[in-house]
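Residues per chain are reported as follows:
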Amino acid sequence: MQDYPGPLSRRDLIRRTAIGAGLLALGPLAQACSSNSGSSASGSSTPKRGGTLSFGRSTGVFLFDPANAFADNDVYTCDKIFESLYVTTPQGTLVPWLVLGHTVSSDGKTYTFTLRPGVKFSDGKPLTADDVVFTVMRCARDTAGPLSYLDVAIKSMHATGTQTVVIELTQPWAPFISDLSCFCNAIIPKNFNGQEPKAFFKEPIGTGPFVVKQWTPGTSLTLARNPVYWQRGKPYLDEIQFPIIADQNQRIIQLKSGTIDIAGSVPGAAVSGLKSDSSVTVGIFPSWDVDLLLMNEKLPMFADLHVRRAIAHAIDRKAISAAATFGTAPPAGSFFPPSVQFYDPHAPVLEYNLAAAKSELSQSHFPHGFSTSLLIPSGNDQYASTAQIIQSELQKLNIRVAIQSLDDAAYHQEFQTFHHEMFLNWSVNDITDPDDMCTFQCVPKGGGSYSYYTNYNNPKAINLVRLGEITQNTAQRARIYAQLQALVSADAPYIPLDYPPYSYAWRNNVHGFKGIPSGTYRLESVWMD
Amino acid sequence: MSDTWRYVGTRLLHAIPVVFGVTVATFLLLHLIPGDPARQLVGLHASPAAVATVNRRLGLDGSLLSQFRDFLSRLLHGDTGTSFFYGVSTRSLIVSRLPVTAALVALAALFCVVITLPLAIIAAVQKDRLTDHAIRVIPLVGLGMPAFWIGILFILIFSVKLPWFPVGGWGISYSDHLRALILPALTAALGIIPLLIRSLRAGALDVFNADFIATARAKGLREGRVLFLHVTRNALIPTVALLGLNIAYLIGSTVIVERVFDLNGLGSLLLEAVGNRDFPVVEGVTLVFAVAVVLVNLGTDLVTAQLDPRIRLR
Numbered sequence: 001m002q003d004y005p006g007p008l009s010r011r012d013l014i015r016r017t018a019i020g021a022g023l024l025a026l027g028p029l030a031q032a033c034s035s036n037s038g039s040s041a042s043g044s045s046t047p048k049r050g051g052t053l054s055f056g057r058s059t060g061v062f063l064f065d066p067a068n069a070f071a072d073n074d075v076y077t078c079d080k081i082f083e084s085l086y087v088t089t090p091q092g093t094l095v096p097w098l099v100l101g102h103t104v105s106s107d108g109k110t111y112t113f114t115l116r117p118g119v120k121f122s123d124g125k126p127l128t129a130d131d132v133v134f135t136v137m138r139c140a141r142d143t144a145g146p147l148s149y150l151d152v153a154i155k156s157m158h159a160t161g162t163q164t165v166v167i168e169l170t171q172p173w174a175p176f177i178s179d180l181s182c183f184c185n186a187i188i189p190k191n192f193n194g195q196e197p198k199a200f201f202k203e204p205i206g207t208g209p210f211v212v213k214q215w216t217p218g219t220s221l222t223l224a225r226n227p228v229y230w231q232r233g234k235p236y237l238d239e240i241q242f243p244i245i246a247d248q249n250q251r252i253i254q255l256k257s258g259t260i261d262i263a264g265s266v267p268g269a270a271v272s273g274l275k276s277d278s279s280v281t282v283g284i285f286p287s288w289d290v291d292l293l294l295m296n297e298k299l300p301m302f303a304d305l306h307v308r309r310a311i312a313h314a315i316d317r318k319a320i321s322a323a324a325t326f327g328t329a330p331p332a333g334s335f336f337p338p339s340v341q342f343y344d345p346h347a348p349v350l351e352y353n354l355a356a357a358k359s360e361l362s363q364s365h366f367p368h369g370f371s372t373s374l375l376i377p378s379g380n381d382q383y384a385s386t387a388q389i390i391q392s393e394l395q396k397l398n399i400r401v402a403i404q405s406l407d408d409a410a411y412h413q414e415f416q417t418f419h420h421e422m423f424l425n426w427s428v429n430d431i432t433d434p435d436d437m438c439t440f441q442c443v444p445k446g447g448g449s450y451s452y453y454t455n456y457n458n459p460k461a462i463n464l465v466r467l468g469e470i471t472q473n474t475a476q477r478a479r480i481y482a483q484l485q486a487l488v489s490a491d492a493p494y495i496p497l498d499y500p501p502y503s504y505a506w507r508n509n510v511h512g513f514k515g516i517p518s519g520t521y522r523l524e525s526v527w528m529d
Numbered sequence: 001m002s003d004t005w006r007y008v009g010t011r012l013l014h015a016i017p018v019v020f021g022v023t024v025a026t027f028l029l030l031h032l033i034p035g036d037p038a039r040q041l042v043g044l045h046a047s048p049a050a051v052a053t054v055n056r057r058l059g060l061d062g063s064l065l066s067q068f069r070d071f072l073s074r075l076l077h078g079d080t081g082t083s084f085f086y087g088v089s090t091r092s093l094i095v096s097r098l099p100v101t102a103a104l105v106a107l108a109a110l111f112c113v114v115i116t117l118p119l120a121i122i123a124a125v126q127k128d129r130l131t132d133h134a135i136r137v138i139p140l141v142g143l144g145m146p147a148f149w150i151g152i153l154f155i156l157i158f159s160v161k162l163p164w165f166p167v168g169g170w171g172i173s174y175s176d177h178l179r180a181l182i183l184p185a186l187t188a189a190l191g192i193i194p195l196l197i198r199s200l201r202a203g204a205l206d207v208f209n210a211d212f213i214a215t216a217r218a219k220g221l222r223e224g225r226v227l228f229l230h231v232t233r234n235a236l237i238p239t240v241a242l243l244g245l246n247i248a249y250l251i252g253s254t255v256i257v258e259r260v261f262d263l264n265g266l267g268s269l270l271l272e273a274v275g276n277r278d279f280p281v282v283e284g285v286t287l288v289f290a291v292a293v294v295l296v297n298l299g300t301d302l303v304t305a306q307l308d309p310r311i312r313l314r
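Each protein sequence line maps, in turn, to chains V and U.
Numbering of the first sequence is given in the numbering used here, commencing with residue 1 and proceeding in unit increments.
Numbering of the second sequence is given in the numbering used here, commencing with residue 1 and proceeding in unit increments.
Source of the hints: derived by calculation from the structure; they are not laboratory data.
Source: prediction; values computed, not measured.
Note that beta-carbon positions come from the ideal geometry of N, C-alpha and C, so glycine has one too.
Any given hint could be a false lead.
As the list claims (entries may be wrong) - Computed footprint of chain U on chain V, listed as stretches where at least three residues anywhere in the stretch have a Cβ under 8 Å from a Cβ of chain U: (1) 238-248; (2) 252-265; (3) 291-305; (4) 404-410; (5) 413-425.
Unchecked claim - Computed cross-link-like contacts, SDA-like style, restricted to lysine to any residue with a CA-CA straight-line distance of at most 20 Å: (6) V:256 <-> U:81; (7) V:445 <-> U:44; (8) V:298 <-> V:417; (9) V:198 <-> U:88; (10) V:120 <-> V:130; (11) V:460 <-> V:491; (12) V:198 <-> U:81.
Said to hold, decoys possible - Calculated Cβ distances over 12 Å to all of chain V for the following chain U residues: (13) 22; (14) 102; (15) 126; (16) 170; (17) 212; (18) 304.
Start from the sequences, fold in the hints, and give me the full structure.
This is how it looks when you write it as structure tokens:
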């Protein structure tokens with residue numbers, strides 16, 4: 001069984017695209033294809049066609065518009081209906097999806113894409129270059145789109161014939177293919193297939209393996225097989241139902257009793273219990289997330305480098321991993337998660353060391369400690385435990401921490417308007433290239449986030465992020481990002497605590513399920529017996 | 001009969017300021033607590049410009065007063081607005097969820113009645129004996145334990161160990177729905193039943209000592225007839241009033257019960273909408289709850305009047 005398409009040799013691609021220069025993205029393709037063959041973990045034989053999968057998720061779906069999707073389950077549903085030009089494999093690499101490949105001009109500013117022949121929208125119309133131009137320009141120009149900033153490098157684009165798309169960039173942009181792979185750039189038919197956007201997204205038409213069969217907002221959602229899907233024989237499933245099960249205990253009980261076939265967002269505390277159930281398989285997949293302790297540098301104590309470094313030395317990340325995540329999330333070092341491109345396993349880290357912490361604090365303007373607060377979202381058991389551990393560790397430095405727990409909306413407003421002192425949150429990379437998270441976390445004016453609401457502002461770090469964007473050579477980029485990881489580690493604007501995985505559990509009759517580091521999962525290769 | 005209708009009309013007119021007050025209070029509270037729907041919608045990456053664009057689209061860029069004016073004018077036209085998150089009318093979201101919650105509350109109320117009546121009368125008849133003590137004490141457990149805990153226990157016992165009921169969800173057919181509602185309705189009812197039993201038992205004991213019961217017995221009526229026709233009917237009057245009050249509480253408790261049993265009713269819709277700051281949905285559901293409470297109270301008064309001819313409806 002082949003999970004990822006594109007059985008094209010390098011020679012095939014060159015012949016078919018008829019353009020020789022700068023073939024990127026082929027290494028990952030070959031790698032992904034070889035490492036991904038074979039069926040599910042349970043090792044069953046030939047995939048069976050048919051069946052309805054019931055996938056219990058914590059929330060419903062608000063909308064099907066990829067360019068405006070932000071909530072997790074909106075994203076994880078949009079990408080079943082619409083597809084991007086490139087997609088990420090479970091290994092975190094990119095493969096060409098709706099394209100055969102691309103070439104880059106020698107100045108790194110012109111990209112030419114050849115569309116995969118035979119791809120149709122679910123209404124039977126063929127995918128054309130005009131659809132691609134329409135979609136990507138729509139996303140790039142939408143100032144209110146949650147991720148439209150990813151398309152910042154695009155200057156213009158046009159179709160050459162029906163199968164070729166040319167994109168001009170304002171400057172060479174190394175993360176560009178990765179940016180295009182984001183769900184926000186998933187392809188929709190030109191001009192919404194002649195409909196009003198609202199009407200179109202009510203009954204959306206995409207090239208993806210599934211179509212919306214029935215949707216009652218906030219109540220139920222059923223997807224059905226797209227009969228004209230371009231990967232022959234797929235998807236295997238007839239239908240997928242997404243019951244909304246907000247309560248995590250309910251999700252697990254419904255899985256154990258066989259009411260649902262897969263449960264999403266399995267909490268760390270439930271993993272060992274589920275592993276002992278012989279009818280269920282637990283899948284823990286690496287993510288692009290990092291749990292972080294973030295400090296507001298607008299405040300004098302956190303503007304003090306020695307205070308931040310003291311806190312970094314004082315926190316036992318192994319204890320947090322063991323107690324707060326039940327060992328499911330490995331303790332963190334670099335602010336890059338290991339699954340993201342250019343992660344440096346040797347990046348220097350401010351290790352847990354109380355003597356070093358005390359020495360750092362004694363060099364600061366606050367040698368005798370201070371009082372502060374730590375903001376967390378309510379209802380998050382892992383963060384509540386993490387906050388308690390941090391509170392007791394910092395007590396040893398006479399840093400007195402009051403834990404402030406607010407409901408999700410109030411919590412977000414509090415730190416986004418800089419009314420916080422410290423807060424816990426996770427960083428999310430939406431694409432396989434680290435540029436997304438680097439801009440968000442190191443560039444005060446980038447991504448609208450003031451360095452993830454820390455106000456961290458180191459010109460050296462900003463310069464490295466910008467250099468990483470325009471450098472085309474992969475080895476050079478690796479060196480740049482290694483420097484950046486070392487620099488951020490020493491500056492400690494935030495302290496990486498652990499690398500949380502995505503956890504799912506499914507009944508043993510489900511095969512071929514794999515999580516992708518962005519948090520989503522592809523379902524066209526999933527089958528049931 | 002025309003008196004009754006006039007009474008109903010007057011009460012409904014009186015309800016208008018109550019419902020209006022609840023709606024206005026909800027609007028103000030929602031807009032005054034921290035939490036920004038636009039930030040919830042566009043997420044962490046949003047620039048201030050993006051947040052401003054979304055606020056404009058949602059009509060949240062004006063002053064509180066002008067937003068309040070818009071809100072009132074919509075409301076007077078019977079329009080509760082469009083959900084910020086789902087992009088569909090609040091009314092359609094409520095209509096799709098209302099049957100679940102209405103059925104849950106109705107079944108819970110039915111459980112209250114069928115469990116309370118026999119137990120309270122037995123306790124009254126067996127006054128101060130072991131049965132009486134047991135009936136008064138054991139249900140108190142239901143009052144003492146939070147609904148979510150009772151719900152989880154019920155699921156573990158009656159859905160996991162003994163597979164009699166589904167562990168959660170709403171099912172597809174009507175029989176599925178009924179089976180799905182039994183445990184949640186019982187969970188909701190258990191929080192109220194102890195109060196009702198005590199009230200009805202006390203009422204029955206009062207009535208036992210009344211002269212008209214002595215008369216009934218003296219004229220040779222059988223004890224069963226005395227008990228059901230004379231004692232129960234009279235003792236029920238305060239209990240019905242108490243039940244009416246508690247149905248209002250029941251409507252509120254659906255927020256928790258629906259979540260534990262994975263029922264997608266109005267309670268879970270309200271919980272989600274509050275979390276997201278989906279203002280129109282919160283306002284719409286609160287309006288429905290307020291109207292429901294008013295109607296239940298009115299219904300209670302009408303039933304009490306039917307039970308007791310001494311009560312005049314004015």
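Structure-based check of each hint:
1. 238-248: holds (count 5)
2. 252-265: n = 5 at 8 Å, threshold three: holds.
3. 291-305: Since 0 is below three, the answer is violated.
4. 404-410: Coverage by chain U holds here, the residue count being 5 at a Cβ distance below 8 Å.
5. 413-425: holds (count 3)
6. V:256 <-> U:81: The hint is violated at about 40 Å.
7. V:445 <-> U:44: holds (13 Å)
8. V:298 <-> V:417: Measuring from Cα to Cα gives roughly 12 Å; hence the hint holds.
9. V:198 <-> U:88: The hint holds at about 10 Å.
10. V:120 <-> V:130: Holds, because 13 Å separates the two Cα atoms, which is no more than 20 Å.
11. V:460 <-> V:491: Satisfied, since the Cα-Cα distance of roughly 11 Å is no more than 20 Å.
12. V:198 <-> U:81: With a Cα-Cα distance of about 16 Å, the restraint between residue 198 (chain V) and residue 81 (chain U) holds, given a limit of 20 Å.
13. 22: holds (22 Å)
14. 102: Non-interface label on residue 102 (chain U) holds, nearest chain V Cβ at 15 Å vs cutoff 12 Å.
15. 126: holds (40 Å)
16. 170: Not fine: 9 Å to the nearest Cβ puts residue 170 (chain U) too close to chain V.
17. 212: Non-interface label on residue 212 (chain U) holds, nearest chain V Cβ at 52 Å vs cutoff 12 Å.
18. 304: Non-interface label on residue 304 (chain U) holds, nearest chain V Cβ at 37 Å vs cutoff 12 Å.
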